[in-house]
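There are 4 protein chains.
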Amino acid sequence: MTLPTPLTGVVPPVCTPLTPDREVDTASLVRLVDHLVDGGVDGLFVLGSTSEVAYLTDRQRALVVGTVVRHVGGQLPVLAGAIDMTTPRVLGHVPALTEAGADAVVVTAPFYTRTHPAEIARHFRLVASRSALPVLAYDMPVSVHSKLSAELVLELAADGVLAGLKDSSGAEGAFRSVLLGRRAVPVPAPFSVLTGSEVTVDAALAMGADGVVPGLGNVDPAGYVRLYAACREGDWERARAEQERLCGLFGMVTAGDPSRMGGSSSALGAFKAALHLRGVIACPATAEPQIPLSTRETETVGKHLAAAGLL
Amino acid sequence: MTLPTPLTGVVPPVCTPLTPDREVDTASLVRLVDHLVDGGVDGLFVLGSTSEVAYLTDRQRALVVGTVVRHVGGQLPVLAGAIDMTTPRVLGHVPALTEAGADAVVVTAPFYTRTHPAEIARHFRLVASRSALPVLAYDMPVSVHSKLSAELVLELAADGVLAGLKDSSGAEGAFRSVLLGRRAVPVPAPFSVLTGSEVTVDAALAMGADGVVPGLGNVDPAGYVRLYAACREGDWERARAEQERLCGLFGMVTAGDPSRMGGSSSALGAFKAALHLRGVIACPATAEPQIPLSTRETETVGKHLAAAGLL
Amino acid sequence: MTLPTPLTGVVPPVCTPLTPDREVDTASLVRLVDHLVDGGVDGLFVLGSTSEVAYLTDRQRALVVGTVVRHVGGQLPVLAGAIDMTTPRVLGHVPALTEAGADAVVVTAPFYTRTHPAEIARHFRLVASRSALPVLAYDMPVSVHSKLSAELVLELAADGVLAGLKDSSGAEGAFRSVLLGRRAVPVPAPFSVLTGSEVTVDAALAMGADGVVPGLGNVDPAGYVRLYAACREGDWERARAEQERLCGLFGMVTAGDPSRMGGSSSALGAFKAALHLRGVIACPATAEPQIPLSTRETETVGKHLAAAGLL
Amino acid sequence: MTLPTPLTGVVPPVCTPLTPDREVDTASLVRLVDHLVDGGVDGLFVLGSTSEVAYLTDRQRALVVGTVVRHVGGQLPVLAGAIDMTTPRVLGHVPALTEAGADAVVVTAPFYTRTHPAEIARHFRLVASRSALPVLAYDMPVSVHSKLSAELVLELAADGVLAGLKDSSGAEGAFRSVLLGRRAVPVPAPFSVLTGSEVTVDAALAMGADGVVPGLGNVDPAGYVRLYAACREGDWERARAEQERLCGLFGMVTAGDPSRMGGSSSALGAFKAALHLRGVIACPATAEPQIPLSTRETETVGKHLAAAGLL
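Residue numbers (the working numbering), protein chains in the order written: chain H, 1 to 311; chain C, 1 to 311; chain A, 1 to 311; chain D, 1 to 311.
Think of the hints as simulated: they come from the structure by calculation, not from any bench.
There could be a bad hint or two in this list.
[Unchecked claim] Here are the simulated DSS-like cross-link-like pairs (lysine-lysine), alpha carbons at most 27 Å apart as the crow flies:
hint	chain 1	residue 1	chain 2	residue 2
1	D	K303	A	K147
2	H	K147	C	K147
3	A	K147	C	K147
4	D	K147	H	K147
5	D	K147	C	K147
6	H	K303	A	K303
Here the structure is a predicted model, which is why all the values come from computation and not from measurement.
Start from the sequences, fold in the hints, and give me the full structure.
Written as structure tokens, this is what we have:
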């Protein structure tokens with residue numbers, strides 16, 4: 001399908017289920033997609049940070065996007081991350097994503113290298129000019145160690161370079177500047193502004209965001225769909241209640257002991273443990289070298305599920 | 001050849017010459033290798049940060065390492081960077097480097113993901129256990145945003161996981177802790193400690209380092225060979241004079257205007273401009289999306305070469 | 001007066017007008033207080049970051065708090081920052097603030113020193129136990145380079161150490177965790193949660209915040225009072241419109257050229273320029289070594305005022 | 001006495017002994033000064049980071065500098081830190097230090113506020129122009145979160161603003177740039193370049209530094225005096241052996257458990273524990289809110305002393 005213009009609604013970043021020996025578990029992946037579609041989501045984002053894209057080989061990335069696109073069969077738009085260090089390496093991923101049938105690519109600022117706003121702008125311009133698919137910018141400073149400024153995003157939107165923004169920066173003030181700025185400047189084509197937050201979705205939608213890309217949406221897609229609907233209906237009390245329930249559920253991301261594992265291991269391990277406990281995926285393993293959750297930590301995840309009425 | 005044990009001397013990180021359309025210029029690469037070998041270096045490090053590894057596609061990486069290994073024909077050890085975000089992706093690069101004939105792989109801590117010392121240790125252990133080649137750790141906090149602690153490096157050395165360390169952290173105190181620590185703990189196999197600094201080589205060698213991996217060594221390999229020799233002979237006055245001359249030459253890395261380009265663009269652009277001005281490579285282009293040096297900035301590089309007696 | 005429990009509403013951090021030779025301009029300060037009181041604010045926060053507390057000598061700090069407390073004469077609560085590096089120095093400021101008649105003190109985590117969450121907790125416990133006045137925590141990571149975690153804030157609230165939080169972290173997710181957490185744990189006394197944001201006030205109040213401490217409230221106190229009222233009435237559309245007008249006005253903080261001055265100089269310079277243009281204060285000077293706005297930059301501030309209907 | 005031009009040699013940052021109730025223990029302070037003078041040091045630096053200046057009230061600061069200046073009676077130069085957030089507050093400390101008889105003041109870049117290089121330059125120019133005493137810049141990025149560039153330091157030296165630099169940045173490359181730069185530019189008056197490192201003193205002196213300001217010099221002043229002498233005599237082998245012994249001793253700074261205290265608490269706690277174990281000071285207490293070393297951690301400090309032949 002072609003990308004809706006603008007893309008709106010709940011677009012979860014799809015976890016990548018792995019087998020115990022860390023191969024992509026395509027059967028579980030298909031079940032997870034069904035779980036999300038059944039939950040009512042509006043699109044899927046594969047090969048994002050929550051998908052453990054940083055840990056997947058190129059072969060595994062192709063397997064993931066191909067499996068998902070074939071399975072959804074055009075029912076929903078599928079966005080795919082082309083996550084790599086610089087322009088040539090990002091462009092190296094685009095053909096496989098295009099051939100697999102993704103509807104858009106999602107691209108971060110350069111990383112590993114010390115970069116500059118002028119180089120970040122050039123990066124997005126080059127990627128967009130050489131890609132057949134629409135390009136969304138992925139603002140992820142915790143991973144790439146630079147922040148996309150509102151000015152830069154709006155300049156690229158005004159020039160038709162970007163089809164949208166997925167903002168995982170946590171900086172709500174700058175996010176709002178993008179939302180206000182796109183009203184003020186003439187944007188040649190629809191430009192989607194999506195928040196990557198799990199816990200301030202009601203606020204982001206109230207400010208004018210088009211949609212949400214919540215990692216926790218893997219665990220409770222129906223919850224985010226209800227939240228989105230309540231916001232669209234302007235029922236802010238109902239939205240707030242649903243959001244607060246999801247905030248409680250989101251507490252699972254701190255299940256892992258920070259003295260022995262990183263924040264990624266804990267959060268991704270919790271999402272996968274929850275999907276395993278809910279019977280969606282066959283194995284909760286995360287990719288290497290992440291540290292797995294202990295039995296006790298997995299029990300904590302279970303308690304969060306139970307408290308949210310999901311187990 | 002097999003990796004010398006321990007690896008010592010001057011091991012420059014080899015620039016990757018590009019054509020104007022950003023393809024690897026193998027003819028220039030071969031000339032650059034000859035220039036380095038003629039300068040008397042003790043080994044070559046391809047696919048490091050100075051090689052613009054972050055900008056090279058997998059195909060280009062294979063072309064670089066294959067070209068260099070074939071050309072040196074076993075005269076010198078060739079180390080190759082396997083620079084990627086996490087364990088599976090690093091391991092994805094190792095077979096090509098092994099088949100091309102590299103003598104060791106050089107590996108950073110995970111990046112893009114939020115990591116933890118326990119995961120960094122696990123990463124190196126997994127990479128080493130699944131690689132036929134020796135593994136050197138590459139401490140590069142400016143790129144990967146975590147620092148390898150002396151404790152971690154020494155633990156991995158004591159367990160035979162690592163064959164060495166390339167330290168580009170600029171933290172001389174921690175570097176010295178590694179040097180002192182390896183004397184105190186029984187290391188099962190020779191463990192090379194190399195500094196990535198261009199400007200404190202005399203100090204690093206005086207502290208007991210085995211060798212140096214200077215990006216500026218592309219421009220003036222003979223200078224670093226003389227510096228290394230003076231240090232080995234204990235002629236610290238001569239070493240200091242040579243080092244100070246090289247410090248002046250290193251000033252070229254600030255040729256680029258920081259208000260319009262990043263530090264990588266400026267430094268890598270300066271090294272390539274210098275190699276072009278010296279007639280070693282055919283084209284000074286850096287990879288995209290880096291900003292090129294202006295004509296005036298290139299003249300600044302030329303002045304540094306002239307002042308150092310290299311033009 | 002005693003601190004309202006909990007403190008709610010609009011509590012602007014009061015700018016400190018200076019004379020051209022950088023003495024506290026008490027006449028202008030009194031006019032500014034009148035301007036704020038006339039705007040309908042619910043309290044005043046003197047000696048915060050927006051007050052240039054970091055630039056005021058102890059004598060000047062005492063002059064500011066004394067002038068303001070005497071002038072408001074108990075009509076409104078007056079909070080006062082006790083901003084210094086560590087426990088003994090913070091405690092060194094408390095007697096003067098107490099004697100001057102402040103109703104509460106506002107305290108950051110230790111800075112300059114490398115600290116630890118256990119030391120931050122100990123800091124607040126010691127300050128609170130040795131102060132006659134209620135203590136609010138001031139979460140200001142951009143200045144002190146550590147973030148108060150929701151867990152830490154809630155622990156200190158539950159133990160009765162803190163009377164409230166002023167959150168200037170910009171991290172809305174963590175802010176919401178505090179708001180949700182204080183419902184879940186039994187807090188012995190009213191605990192005020194205030195946002196320091198200028199641009200997400202509607203969102204913060206919708207999440208359950210008690211009030212707002214906006215630097216821009218110096219320039220347009222009535223705007224924030226209207227915004228607060230609309231939120232309290234649940235009229236989110238009106239709130240959003242007022243907030244968006246204030247977001248436009250807030251654009252003045254980028255008036256200063258970032259290539260020649262810091263962000264503090266630009267923002268504080270813009271607030272003072274606006275107060276000067278509006279006729280509230282006699283001189284727009286900021287404290288040294290801040291760089292003053294140019295004539296042209298001041299004109300930009302004027303345009304923001306005009307666009308917001310304030311000039 | 002007037003400041004030697006340039007200041008050279010070993011100038012330890014003097015610890016501030018405290019009583020159990022955290023008052024300055026002047027009797028212990030006098031014994032510590034005697035211990036340092038007996039060790040052969042060339043000057044004293046009071047009210048620096050190692051002196052816990054960030055924790056001392058203004059009254060305590062005056063007591064420290066007065067006690068030390070009176071006790072040394074002009075035998076040695078006494079430098080005093082004027083450590084505070086901005087220009088007016090730094091200038092607020094200078095009269096007390098001047099009246100107490102300090103020979104120079106030591107000043108960092110502004111902190112707490114978001115600053116800019118132009119503001120840092122203005123800060124030093126204003127402080128110097130309004131102080132009767134010579135001003136040394138204190139480069140301490142771990143505390144103030146900005147680095148003094150070599151360009152900035154050399155510009156201020158060339159203009160006669162600064163009498164010297166105490167570099168605690170750990171960035172040896174930039175340090176060398178200052179050392180090389182001061183030879184190239186005409187400096188109107190002697191400009192001292194001192195390293196704050198404990199573990200790369202031989203390297204710094206070999207590069208051309210004038211002296212060293214080692215926190216560990218409180219514990220073993222004679223060791224640093226021997227190290228300095230060996231370097232001045234060009235006996236680099238003897239220097240290296242002494243430096244390596246001191247590196248081992250320096251291991252005491254990691255005695256404190258990082259899971260329960262900050263790096264400052266551990267390092268300052270270790271220095272004071274060592275001075276207490278050696279019988280120099282009456283009580284090892286550090287200022288609040290620092291976490292004290294445990295009995296076991298203090299034993300670790302003792303082992304380091306024993307291993308270095310100091311107990």
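Going through the hints against the structure:
1. D:K303 <-> A:K147: 36 Å, violated
2. H:K147 <-> C:K147: 22 Å, holds
3. A:K147 <-> C:K147: Measuring from Cα to Cα gives roughly 21 Å; hence the hint holds.
4. D:K147 <-> H:K147: 21 Å, holds
5. D:K147 <-> C:K147: This hinted pair holds, its Cα atoms lying about 19 Å apart.
6. H:K303 <-> A:K303: 55 Å, violated
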